[in-house]
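Following the hints, position chain F against chain D.
Number of protein chains: 2
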Amino acid sequence: MEKEPRWLTAPEQAAWRPVAALLFRLPSALDAQLQRDAGISNFEYMVLSGLSEAENRTLRMSDLAAMASGSLSRLSHVVSRLEKRGWVRREPCPGDGRFVNAVLTDDGWAKVIATAPGHVEAVRRLVVDALSPQQLSALGCASGTILGAVAKE
Amino acid sequence: MEKEPRWLTAPEQAAWRPVAALLFRLPSALDAQLQRDAGISNFEYMVLSGLSEAENRTLRMSDLAAMASGSLSRLSHVVSRLEKRGWVRREPCPGDGRFVNAVLTDDGWAKVIATAPGHVEAVRRLVVDALSPQQLSALGCASGTILGAVAKE
Chain D
11 MEKEPRWLTA
21 PEQAAWRPVA
31 ALLFRLPSAL
41 DAQLQRDAGI
51 SNFEYMVLSG
61 LSEAENRTLR
71 MSDLAAMASG
81 SLSRLSHVVS
91 RLEKRGWVRR
101 EPCPGDGRFV
111 NAVLTDDGWA
121 KVIATAPGHV
131 EAVRRLVVDA
141 LSPQQLSALG
151 CASGTILGAV
161 AKE
Chain F
11 MEKEPRWLTA
21 PEQAAWRPVA
31 ALLFRLPSAL
41 DAQLQRDAGI
51 SNFEYMVLSG
61 LSEAENRTLR
71 MSDLAAMASG
81 SLSRLSHVVS
91 RLEKRGWVRR
101 EPCPGDGRFV
111 NAVLTDDGWA
121 KVIATAPGHV
131 EAVRRLVVDA
141 LSPQQLSALG
151 CASGTILGAV
161 AKE
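Residue numbers (the numbering used here), protein chains in the order written: chain D, 11 to 163; chain F, 11 to 163.
With the rest of the complex left out, here is chain D:
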């Protein structure tokens, strides 16, 4: 006999609905600013800024995929686009040729520097300045807890 699904209670539903909407609308809004002002997507910006903060502006493709979203094939596709625009290059890992590194070029670094102020302004307007410090901190903690549950999948 199949177990009856544990449907969400009314308060759970009331909390989940805006979260589900947020997962679509906040990335769309962040994307819109980046596309309009910098010609790149939110995902592309995340890859470039992730590299800009890494040692030697270099990360293994597999680590970058884990950081950015979990999908190596999606990342490969995005890095190919960034390579064509001269912002990233791929090269075999010097320590172990089985791995491929992604390296931020000088042009890529300049792109991050030029793009960061507009992006951080959008993050402030939509998230950080829209919430009280207590709300922001609670949001960060809840997000961290959910990431932990996602990592166990």
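If you are wondering where the hints come from, they were derived from the structure by calculation, not from laboratory data.
Hints are supplied without guarantee of correctness; some may be wrong.
Cβ-to-Cβ under 10 Å is the rule here; a few derived chain D residues that face chain F [to be verified]: (1) 26; (2) 37; (3) 94; (4) 144; (5) 155.
Within a straight-line C-alpha distance of at most 20 Å, the following computed SDA-like cross-link-like pairs (lysine to any residue) qualify [said to hold, decoys possible]: (6) F/13 / D/124; (7) D/162 / D/72; (8) D/162 / F/30.
Beta carbons: idealized from backbone N, C-alpha and C, even for Gly.
Chain F in isolation, oriented as in the chain D frame:
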């Protein structure tokens, strides 16, 4: 003279980072369950379940776009796929032929009924049951506030 960007402070950064990661990883995880168990994406499920809750299982395409993510062109593309699979049909709005309605078919309704239990189980495992009721409620409130800021863009 250009204004210096208002960079995030350390606590703001500490809160924003997991939120930014969540925006990529939670949709990926929800997508993975739906693709594996039902052969549809999270976005497709959101469209189908939105229609299933609407009066007469019908929504204007423009209202459905606003509900689902804001982009009518993306929605059109997804609804075309759902139409091909026999779950949705499009028809002119009876009251005003300038508008197009999306209608959930009986097969589409059956698809929602079959898909909902697995999806709600994933939402419980990754979000609702992973958080305390207070955390979940705070997350819902913060998400609602951010949606309000996004709507003003």
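Hint-by-hint comparison with the structure:
no.: 1; hint: 26; in the structure: 6 Å, holds
no.: 2; hint: 37; in the structure: 5 Å, holds
no.: 3; hint: 94; in the structure: 22 Å, violated
no.: 4; hint: 144; in the structure: 9 Å, holds
no.: 5; hint: 155; in the structure: 6 Å, holds
no.: 6; hint: F/13 / D/124; in the structure: 14 Å, holds
no.: 7; hint: D/162 / D/72; in the structure: 18 Å, holds
no.: 8; hint: D/162 / F/30; in the structure: 19 Å, holds
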